[in-house]
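These are the residues of each chain, in order.
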Amino acid sequence: MFKKIHLTICLFIFMAVFSMSAQNGTNSVSGVVTDGNKVPLAGVSVVVKGTKIGTTTGTNGDYLIRASGKSVLQFSFIGFETQDVPVEGRSKIDLSMKEKSTALNEIVVVGYGTQKKANLTGAVDQVTSDVFEGRPSANVTQMLQGAIPNLNLKITDGKPTRSASYNIRGTTSIGQGGSALVLIDGVEGDPRLLNPDDIASVSVLKDAASSSIYGSRAPYGVVLITTKNAKSGQAVVSYSTNLILETPANQPEYVSDGYTWADHFYTAYYNYNHSNPSGINKSQQFSTAWLAEYKERAASGNYGTEVSDGSWGTTKGRWVYFNKGTDYAGMIYKDAVFAQSHNLSISGSEGKFDYYLSGRFYGYGGLFDSPSNTDDYKMINGRLKVGYQIKKWLKITDNFDIMHDKYHNPVTYSEGNGNIWRNIFDEGHPSSPVWNPDGTMTYSAVYSVGDFLYGNSRHTRINDQVRNTLSAKLNFLDNKLRFNADFTYRDKTYYRQIKRVRTPYSRYQNKVETISGTQSYISELTQDTKYLSTNDYVEYEDTFGESHYFKGMVGYNYEQSSMKNLYAYNDELLTEDVENINLALGTEKRSITGEWNKWRSVGAFSRLNYMFKDKYLVELNGRYDGSSKFRSGEQWAFFASASAGWRVSSEPWFKVDKNAISNLKLRASYGSLGNSNISAYSFDESFGVSTGRIINGTLVKYTDSPTPIPDNLTWETAKTVDVGIDMGFLRDRLTVVADWYDRKTVDMYIVGPTLPDVYGASSPKGNYGDMTTKGYEISIEWRDEFNLASKPFTYGIRATLADYKSVIDKYNNSTKALGTDNNADYYEGMTVGEIWGFVSNGLWQNQEDIDVAEAAAKAAGQSYYNPLMRTDKKYSLYPGDIKFEDLNKNGYIDRGANTVDDSGDRKVIGNTEPRYMYSFNLNAEWNNIFVSAFFQGVGKQDWFPSNEAASLWGQYNRPYAQMPKWQVGNYWTEDNTDAYMPRYTGYYTPFYKGSSCANTRYLQDVSYIRLKNLQIGYNLPSKWISKIGLNKVSVFFSGDNLWTWSPLYRLTKDIDVANIYGTDAEASSTGDGYNYPTMTSYSLGLNITF
Amino acid sequence: MKKILYIFSAALALAATAVSCDLTETQQSTADRAMIFGSETGLETYTNSFYNYLPSTGGGFQMDATSDYGAKNAIGTYESGAYTTETSTSWSWGSIRNVNYFLKYNTNTSISETVRNNYNGIARFFRAYLYYDKLVTYGEVPWIDRPLDTDSEELFAGRDTRDVIITHIIEDLDFAYNNITTSSVTGNSNAINKWTPLFLKSRVCLFEASWRKYHAGTDYVKNCTIKADELFRDAADAAETLMKDGPYKLRTSGTAFGGGRGPYRDLFVSDNTVTQEVMLAVSTDLTLDLGEQNWWYNSSTYGPHLCMSRAFAKTYLNNDGSLYNEKNADGKYKNFVEETAGRDQRLCQTIRGADYTRKNAEGDNERTAPNYSGHTLTGYQFTKYVLDDISFDDAATNYNDIPIFRFAEALLNYAEAKAELGTITDSDWQNTIGALRRRAGITGGDLDTKPTAVDTYLQKTFYPKVSDPVILEIRRDRAIELCLEGLRLDDLKRWNCGNLWEELPWTGVYIPALDTPLDMNGDGVKDVYVTKDKTYKGDYKGIAMFITGAQEIEKLSDDPNGGYILNYNMSRKWNDNMYLYPIPSQVIRKNEALSQNPGW
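Protein sequences, first through last, are from chains V and E. Every letter in the first sequence is one number past the one before it in the numbering used here, and letter 242, counting from 1, is 242. Every letter in the second sequence is one number past the one before it in the numbering used here, and letter 175, counting from 1, is 175.
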């Protein structure tokens, strides 16, 4: 694939060079090129148009070039508009170049308005539609990942529906939590449901000063998504499409040879139990005789399925398998998934009327290789934006959008919540085939992949959303006074149907069964959220006496949201094909439940901007906020912020050459914001109703004592200081923006002071916790162009780096007790995310060393050296076990009092929080060819896989789990003493108990770098396409997640490094890595505009 | 400029009006306190939460997993003596708070006092139930009878004496007995009635009385002033009232034993609770909530393979009431068929005997020997809670209800309390132990009169300090009748016999020969091939029982034909401080007024 692309590029370059025309009669032209302020410009490219003759201006801005009197000179320079100047026989041409609207003049969307980037005083970052163009991803969130430093989006798996909560600048609160407020055209919304092609810009307000206009809705930043507006003039029709092939980025490689696997199963089982198993978990019978027979048959290739005559330790009549091997994990995926997106937009204006109309279809064919039950996904978006200029001073706009999506997710129906990956680990034994000789399904298969092969069990999720915003803009006094009012109504319905049906299988010849305890059922959840909001504000801006610029704004905001849902469950489906709950006949288990909640918030806000001579910039914000989520008396609060900027480079005394330092601005801000992004009713004593025991044949409902709530609760507050610097060098070819921040989240709503246990409930929560998060973001951008073969070659590199670290300042944990898990309970001075664990420098290599350690432990009054982690049923240690270091030298392994000061043999060995998140964005365009590459990654992050992370631990977790191929020959035996894994044992406590036994030896480094997106494309020359009436046609290749590297991959590539966070979110069931794979996409795209 | 000011003022005024609006929203899908305590339905819904404190459908049948007579292949930290005050964490008070919260707020006078007191009675029954558990586990604990506030003094109180706790428990139970209005048997015995507190009172008082008697002179009773006899009398009185006035009686009719069922076994494998005898049960149900009794007692991977020890099996009498002798007249050890024939029927209704049959995959009843190669460690495989159909074995699929309180225990409590008081009569004996033995098919021996002879095997193996033949025989029947019902460890604790946990050998069945295919249950099918050769791959490899790991086999020197006995060794440990759990160190760190239990 890459080879082909490479070839194409070469061809293009060759053609371009070849096509250059010959020159005619010449004389020389010279001159000086300056900028608007008569400052000479060095490095300006001067080309005789249509030839390969070119030069660049010297340090004084002068140039000399050979050109005929009839030719045209083309002057181009980064940051300036390219100018064509006909020579017309002259020999001296001086030129004053016009500055392009540079980054500094860029308009940035801020809260309730826009601002020139040059005038920003807060920490605001913005990306434009470039981020979304040509991307094969399913939704906006997936495309935004990594695009803006410290906008942290944790996409945890590869499902097309997967989104993430929007986090800005790290840990927000360990109490009520809180993510960024996401506003779509000024109204709170879910970006996942948005058409990516509708987006004009995404602006991120990072510091408190910038976001404080949104008050308590935005203590942890704001993401402002603005959709495209109508273009003025003739209708422009634009169509774009992506045809996409996707494959899992990582395919786990497990041992699929049946005997090898079964043999390791036995070893792992025996080494822990010291007895023989009689089954391989539930679905296959086991005896040593069977294993011995299997060994012989494997050696001679005599595989097959028999019917038991009662020998081999199997029940008479039961199928007995001597299977060559089944790769259950490998059989569930298609080789490639086909996906496509189509987007059409029409935009233009006609007199007083303007319009933007768009529609998008995204379809995803489904990854699971199942004839009847694969996953598939569809998303449809439509938008109509119309504006009408009623009067010169009044314009109304209506912005209407509609969306629908549907995801069909097959699930298993054997155990747990239907997580296929987990079920494969539990029962997908390579030693069992999928089918019996008579065509029935085997027990192992029905427990694992059965529902995918001919089942009908699935989840279906449908979202429908209709939203309308009607807004009016009024302006008076030469547009100095403006009124804005908008009113939004949104109705969002979420529908989820779960259907699970019993799948037949056979354990005994001539006997078909279904998994006992299962019922065919349908459950339906219908949830309706109605939301309305209005924003009304008035602003006035003017300049007084030339140098005093003033802008003031006052506004009002009201929001209301109410949610209601209804859940129904019924079983005993009439047939397996039933699709409606009405045809479920029902047992006593049928159930109906509901949920309801409503919240309202009101805010009055004001903002003042003042600028003196464009040098000194000041902004003040205030907002008085009310929220129904607090109890009366605590519902209202006032929050304020201030920010200031100083454009040093505009000072008269700042005499540095503009070519060297073109811009220097210092910024600082401080703001304090309350947090109302909490769930409604958190402060009410409430009695929920749950299902209890069976009493006289009925499952009764019960309620019990409510969580104790104290009286004096108030808002959590985030106080943020931000210091920033904006710099431009070499006429802004190089720009640097850097921000450092310090956010104190105070009065966090956390557990109360430790109470003696007889209290009988967890200590009532209250505003007890403080935390400091410090971090920074830097983005460095280089943009330049030069002539290559007399055609402009423009390119840019943007690199970003972001980091944060949170430390707990105050927490109710006087003894500094640690949790038993690796995630310590919080305590003062703790760094959020720290992993407590043991130190291990290797494995025990001989019995003598163990005996010495055990003797020392006995001398210290202990029965065992490592009483915390028995690696078999006898608590014994064996050569090949992990050797933990006795850090506190007390003779045995312990957790001490499990406090920070007496942590036994544990210490901080790592941190789960990502650090040094970076990205590189490279792009270049030349002669209608464009290339862009986007790399993104994490510089430092640790992971200790949880106990259920069997995709890593394999049979060390449970003997009957899958065995990762990389473990073969990589575990300790007497002949292989420097293996990575310990002696081969199931239920291996340091792994089986997972993170509570975290240790340095098996701590994984999950930092990574990823080529998130690569695009290579070609704009068809306009002389070709204009003939058929088109304005622009481009074809391109675009790929997502094309390449990743992580230190983890030195060990295994079975799991994608960004896909380590727990379990499939919909079919929840514990276990790291039991997840939909991250997908690599290859797409061919086409854009047509006319 | 003026205009602008006007407009700004107008806007501010508009904003200010917004401020005056009330933003209070109340939840509609959860209730508030007034709704719960303002109606009888509310009270009932609240008291339903207390039933969650009873053993669960997943745990009600494994409550004797730690008992001297039950061999198993996994030993917990406590059981192996590795427990420390730092590892100890289980000191939970949430359930007691939940009950106290109910008692505090159940005061709405729009509901009649009788009704309120009925529900208070239920609440106080459960408080007694929960405190009894605390008493057994920790001994002295603080008595808390109201939901505490964050500044309540009781938070930092020390431990109350056993006298205080037992007195309050009795008060609660008496209140419950006097105020609960239901006196008839409840549906499926799932709910409590006025007799349930009476039953619990006999259990609690018997425990506390024997604790005081058998731990006399130790630190365990140093603050006790209430005399043991007083509590034995309370236990006997409670049981006697229940026997006299209550609606329960022993189930004696039912299918005669033979097909694996009988009046005794029916109590544990019935779809619907046998409410005639079972006073409280947790229900499992085919559609609502499935149990996992079959899975736990038959799986090769799930559970610790709990099996009966031979040392205990020998205590079952012959069906003529005589003592069992493990040897035949010719000096040969009895084989499994001989051993399980002609015994107290409860033996073969508790474990798989030689005539045990199960429904196989084809649906036919088939003679089934204990599963030596996969499950059983000793050869005595429990069946008490197990449905005799293999199709229930692989997952949580059981529907049979699990008894929690059983009238038979009241008879045993009564007999023991009276015997300890020295006031037991022949008629008492006949109505209690005699009745239980009759139901078990015993036809002779001590059925109508108190026993007079000491069984030296029983005495020597289990209770060497007891010389009273009546008490010894009551203990024999208590262990047999209530086998696996969650009382054994508590009995050992109150009798000061904790050492049995460490010392009672976990012996297995008699194995006539090694490296020989054996038909254990006499149905002509070879059931097991016992071998020490781990690599054995001969004809009988399918039924091979490899002597591995913790299993040992011992050659019997006194068997003329050279048989063997299995012995299952695990690192059991009993230290004298283990009669009570320690108060967790982290609990004491939070309230230094709490003292630690003896020996920790």
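Keep in mind the hints are simulated off the structure, nothing from the lab. What you are looking at is a predicted structure, and each value in this text was computed from that prediction instead of being measured. For each residue, glycine too, the CB sits at the ideal point set by N, CA and C. Accuracy of the hints is not assured; some may be wrong.
Mimicking DSS-like on lysine-lysine, the simulated pairs with C-alpha atoms at most 27 angstroms apart in a straight line are [unchecked claim]:
1) V:874 / E:532
2) V:993 / E:573
3) E:327 / E:532
4) E:104 / V:810
5) E:532 / V:873
6) V:701 / E:573
7) V:295 / E:104
8) E:104 / V:324
9) V:154 / V:701
10) E:573 / E:590
Derived coverage of chain E by chain V (criterion: at least 3 residues anywhere in the stretch with Cβ under 8 angstroms from a Cβ of chain V; other residues may be distant) [as the list claims (entries may be wrong)]:
11) 136-149
12) 225-233
13) 492-499
14) 505-518
Q: Please name the hints from earlier in the document that this structure breaks, with their numbers sorted from lowest to highest.
A: 4, 6, 7, 8, 9, 10, 12, 13, 14
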